Amino acid sequence: MSSFSTDGKSEKSLVKMVSIEKWFGKVHALEGIDFEVRCSEVVGLVGDNGAGKSTLIKVLSGYHLADKGEIYFEGKKVNIASSLHARKLGIETVYQEQALAPNLSISRNIFMGREPVRSLGFMDKKSMDRESMKALQSIGLHLRSPDALITMLSGGERQGVAIARALHFKAKLVILDEPTIALSVREARQVLEFIKQLKREGISVIFITHNLYHVFPSADRFVVLTRGEKIADIQKKDTSIDDLFELIVKPPSHN
Amino acid sequence: MVTNKKDKEKMPSGVAVAGRAKKLLNLFSYQAVGTLLVFLALILVFIFFTPHHLFVDPRNIKALAKLTPDLGIVALGVGMLMISGEFDLSVSTVLPFSSYIFVLLLRAGINPVFSLFMAMGVGALLGLLNGLITVKGHIPSFIATLGTMMFWRGVLYVHSRMWPIGIRAYFPAGSSFEHVLIGEIGGVVPAQVIWFVVFALILGVVLHFHKFGNWVYATGDNKEAARAMGINTDRVKTICFMIVGTLSGFVGVMQLLRLGSFAATQGLGFELKAIAASVVGGTSLMGGIGSIAGIFWGALTIQILENGLILMRVPVFGISAFIGLAVILFVVLNTYMRRRMMMMR
Ligand SMILES: Nc1ncnc2c1ncn2[C@@H]1O[C@H](COP(=O)(O)OP(=O)(O)OP(=O)(O)O)[C@@H](O)[C@H]1O
Ligand SMILES: [Mg+2]
Chain H
1 MSSFSTDGKS EKSLVKMVSI EKWFGKVHAL EGIDFEVRCS EVVGLVGDNG
51 AGKSTLIKVL SGYHLADKGE IYFEGKKVNI ASSLHARKLG IETVYQEQAL
101 APNLSISRNI FMGREPVRSL GFMDKKSMDR ESMKALQSIG LHLRSPDALI
151 TMLSGGERQG VAIARALHFK AKLVILDEPT IALSVREARQ VLEFIKQLKR
201 EGISVIFITH NLYHVFPSAD RFVVLTRGEK IADIQKKDTS IDDLFELIVK
251 PPSHN
Chain E
1 MVTNKKDKEK MPSGVAVAGR AKKLLNLFSY QAVGTLLVFL ALILVFIFFT
51 PHHLFVDPRN IKALAKLTPD LGIVALGVGM LMISGEFDLS VSTVLPFSSY
101 IFVLLLRAGI NPVFSLFMAM GVGALLGLLN GLITVKGHIP SFIATLGTMM
151 FWRGVLYVHS RMWPIGIRAY FPAGSSFEHV LIGEIGGVVP AQVIWFVVFA
201 LILGVVLHFH KFGNWVYATG DNKEAARAMG INTDRVKTIC FMIVGTLSGF
251 VGVMQLLRLG SFAATQGLGF ELKAIAASVV GGTSLMGGIG SIAGIFWGAL
301 TIQILENGLI LMRVPVFGIS AFIGLAVILF VVLNTYMRRR MMMMR
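Taken in sequence, the protein lines are chains H and E.
Residue 52 in my numbering sits at position 52 of the first sequence, with consecutive numbering throughout.
Residue 218 in my numbering sits at position 218 of the second sequence, with consecutive numbering throughout.
Just chain H, with the same shape it has in the complex (with noise of 0.2 Å):
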């Protein structure tokens, strides 16, 4: 089911959520949703709190199971059961709850649940390591030392290492939940950083925020969420910022 976009700029689909529903008791947080990110898009999933952002990127990436509706992975017809398939796919989750264990190191962390062993299970700690500061060193993050805890860097060195973990993984997808929360002015303009260079090397990304100006600059695309509902998929070309922030503040249009 590989489909291709008719916006002229055809690029292949990577993953299509399709009719997506999923109720938490009688909340229905997702009532519907049809998702597609396309093969190195960045696609920026807004909308306000409560919107259902963070459910459907949990969907995706196998932590909510969905009630309703079908995902497609590279044309494949997916059932993402959990967290661990979802890596193996190649979709890699940056939580907007640290997805970071603050009393590790930076190796520790970002070989957590994968790591490289040499026999009977025993961590290899030297690629460990070795590859760890290759990772942080593909996405422009000069870090001193591997062993580093997670706790004695900043906001936005956090995010690089988690970044930086879904990079090493051959991510096709990073889902980013509001990765740029909390952080100062100069520490938000390095993330932005590393989605450029996550798109540079051919990964799609899914950047979830309430700053417009943020996602705006490194988005392609921006899907806006309301109640659970889905109320605008547009291109960058064919919108403005205050256009995204009309769309974000309007009500619903059956209300």
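Hints listed in this document are in silico derivations from the structure and should not be mistaken for laboratory results.
Please read these numbers as outputs of a predicted model, since none were measured by experiment.
Any given hint might turn out to be false.
With a cut-off of at most 25 Å between alpha-carbon atoms, the simulated PhoX-like pairs for lysine-lysine come out as follows [said to hold, decoys possible]: (1) H:LYS12 to H:LYS77; (2) H:LYS199 to H:LYS16; (3) H:LYS12 to H:LYS76; (4) H:LYS170 to E:LYS223; (5) E:LYS136 to H:LYS26; (6) H:LYS88 to H:LYS134; (7) H:LYS199 to H:LYS236; (8) H:LYS88 to E:LYS223; (9) H:LYS125 to H:LYS88; (10) H:LYS134 to H:LYS76; (11) H:LYS172 to H:LYS16; (12) H:LYS125 to E:LYS136.
In silico negatives: residues of chain E with every beta carbon more than 12 Å from chain H [as the list claims (entries may be wrong)]: (13) LEU36; (14) LEU67; (15) MET118; (16) GLY137; (17) GLY147; (18) MET149; (19) SER160; (20) TRP163; (21) TYR170; (22) PHE171; (23) LYS223; (24) ARG227; (25) ILE304; (26) ILE328; (27) VAL331.
The beta carbon of each residue, even a glycine, is placed where N, CA and C say it ideally should be.
Please arrange chain E with the ligands on chain H, whose structure you already have, making use of the hints.
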């Protein structure tokens, strides 16, 4: 120390050696320097202030060496479990329970080696149960294991009627089994010490070098992140509970042999002392922080504190006050040092 060629090319060998030495030091002292220092200070204090310097009397040292591993081995397991973010209060029941199973099997004429494995197996099963109740029931392990502690203690007290059971009738003195568990190497070093060191080394290697160790830290430090990275945190915790149970079972039998008789009150108070040892050793009550070296020194510190105070004729309840004070001081100190470290960034 040998430096390989690659490193030499990159940096002056002196720096490389210093780097390696520092790494090695880090390994053995990771979060344990403070504990080690206090441990040494305590020894000095007790050497000078116990009457007739009784503390360093060879008989006292030997008694300590036989006694300390009981708490120490249990604490290793409890501390590792705490790093994964959970508690186990039931050790003080699992220990005599396993000891009881061992005695019953022995009385039924079953081979002691097999009985030992059965006792450890029962410990592991009780640990498995603790784990399952905690992770499947989504309840705090502090409560879950408080429940199992009281439940199994009740079962044990009723079934054993709290009667002591001497083992000599079923078990010849001086058997090789006994030698391996509680003998003395060269007539000097009690086997218990060797077991303590062996368990510490095994758990240390697993915790610090094996990928499972990384999962334990990750689970305790940030469970959500660990889950998101594909680590089965429920399984990691359950395995840690089983390790605690197995170690408690082993200690139950080891202590039984030393005492020569089963007592339903074996291990009473170990649940809190093991936590105290872990905390004194730098283990965080929130999980994710700690080291086997720290827990090792922590257990020694708690035991020596108790022993020294007894020798100084501090009344029993007074000792409890001192241990309580020590725990609080250590937590305050550790928290302060960690804060300092954070501010240094
Ligand atoms: N685990 C959960 N259990 C119950 N309800 C949930 C859960 N996760 C999300 N919800 C609900 O689902 C709806 C969508 O939440 P979601 O976190 O996806 O919003 P969001 O768009 O990411 O918001 P924000 O911008 O504030 O992060 C909200 O009403 C929220 O309360
Ligand atoms: Mg969110």
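Here is what the structure says about each hint:
no., hint, in the structure
1, H:LYS12 to H:LYS77, "15 Å, holds"
2, H:LYS199 to H:LYS16, "19 Å, holds"
3, H:LYS12 to H:LYS76, "13 Å, holds"
4, H:LYS170 to E:LYS223, "24 Å, holds"
5, E:LYS136 to H:LYS26, "24 Å, holds"
6, H:LYS88 to H:LYS134, "21 Å, holds"
7, H:LYS199 to H:LYS236, "16 Å, holds"
8, H:LYS88 to E:LYS223, "20 Å, holds"
9, H:LYS125 to H:LYS88, "22 Å, holds"
10, H:LYS134 to H:LYS76, "32 Å, violated"
11, H:LYS172 to H:LYS16, "14 Å, holds"
12, H:LYS125 to E:LYS136, "33 Å, violated"
13, LEU36, "20 Å, holds"
14, LEU67, "33 Å, holds"
15, MET118, "27 Å, holds"
16, GLY137, "20 Å, holds"
17, GLY147, "29 Å, holds"
18, MET149, "29 Å, holds"
19, SER160, "40 Å, holds"
20, TRP163, "45 Å, holds"
21, TYR170, "39 Å, holds"
22, PHE171, "36 Å, holds"
23, LYS223, "9 Å, violated"
24, ARG227, "7 Å, violated"
25, ILE304, "28 Å, holds"
26, ILE328, "22 Å, holds"
27, VAL331, "16 Å, holds"
Violated hints for the displayed structure, listed by number in ascending order: 10, 12, 23, 24.
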